[in-house]
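Visitor: Here's the letter readout for the chains.
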Amino acid sequence: MDELETLLRQFQPRRPRPLPLTERPRATRPLVWLTLSGLAAAVALTVSWREPVPDFIEPKSAGLTLGSLNAHAMRSIDDLDTVLTQTSPAILPRVDRPGSVLYALAKD
Amino acid sequence: MVRFADGRVSSGTRDRDEVRRLYEVHGRALLAYACAFLHDASEAEDVLHQVFLQLLRDGGTEISSAGYLFRAVRNRVLNHLRGRSREAPLDEALNDRAQWLEDPSGSTETALALQSALSTLPVDQREVIVLRVWGQLTFQEVASIVGVSPNTAASRYRYGLAKLSEIWHGRT
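So the sequences go chain by chain: A and B.
Just so you know, this note's numbering puts 59 at position 59 of the first sequence, and the rest follows in order with no gaps.
Just so you know, this note's numbering puts 7 at position 7 of the second sequence, and the rest follows in order with no gaps.
In case anyone wonders, no lab produced these hints; they're calculated from the structure.
You can take every hint at face value.
Derived, one-sided and incomplete: chain A residues facing chain B with beta-carbon distance under 10 Å:
| no. | residue |
| --- | --- |
| 1 | GLU3 |
| 2 | LEU7 |
| 3 | ARG9 |
| 4 | GLN12 |
| 5 | ARG14 |
| 6 | PRO18 |
A virtual CB, placed ideally from N, CA and C, is assigned to each residue, including glycine.
Excised from the complex, chain A in its bound form (with noise of 0.2 Å):
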């Protein structure tokens, strides 16, 4: 039985193959999400800033000023007339438009 031992001994079961790569421990994952909220969020405002922006559309009224229309006055009243009826059709409600409420009370 000891020679059976000795001969059992002297083979060797094989060296298994290697422990595959691990993922990393528990503690590094927040970490890991960290970056990759982070990655997100920097995408997120790349591509909001590259988005193109409408023009901002200025108002017919831009330029008028209170100095502005003081001049026109200074000028003539009916200068001043003119530019006012010019730019109110873009800063007031319009009355003249047929259907509109102020159409059907301006009639009244």
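Since the structure of chain A is provided, determine the placement of chain B on it from the hints.
Guide: Showing chain B alone in chain A's frame:
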């Protein structure tokens, strides 16, 4: 944190290094032990990997001795076998994938013959022989892993060796 038999305690990356070191030191014997239950050595390797990957994942494992590793492999193998519909027949098992023993002279034939002889033993005798011969454990340790008394472990070993001797010397 991993606590070792000599009282050392380690944590973090060092844990992982220690677990990998244990794999290097005990890997061969643990593979042999898994092969005492499973005929397919690559299947046994998979089970062994599952045990060690679990150890790498678990932070608070206490590895008190090599016996812990053998017990962990045993539990994992038994669970694996429970989940399997049937055990592979022996003739299916004796192929190249099944080889887990290495002959010092490099003879695959002799190694497979010894494996074949071992595979004819009842599993409870085979596992005790593997634990004793390649695990280099005492009967006390073997008994603790298998869950029997040291006397039972010793008698299984003797019966197993006697039967193996008959088979080995009776082969042509």
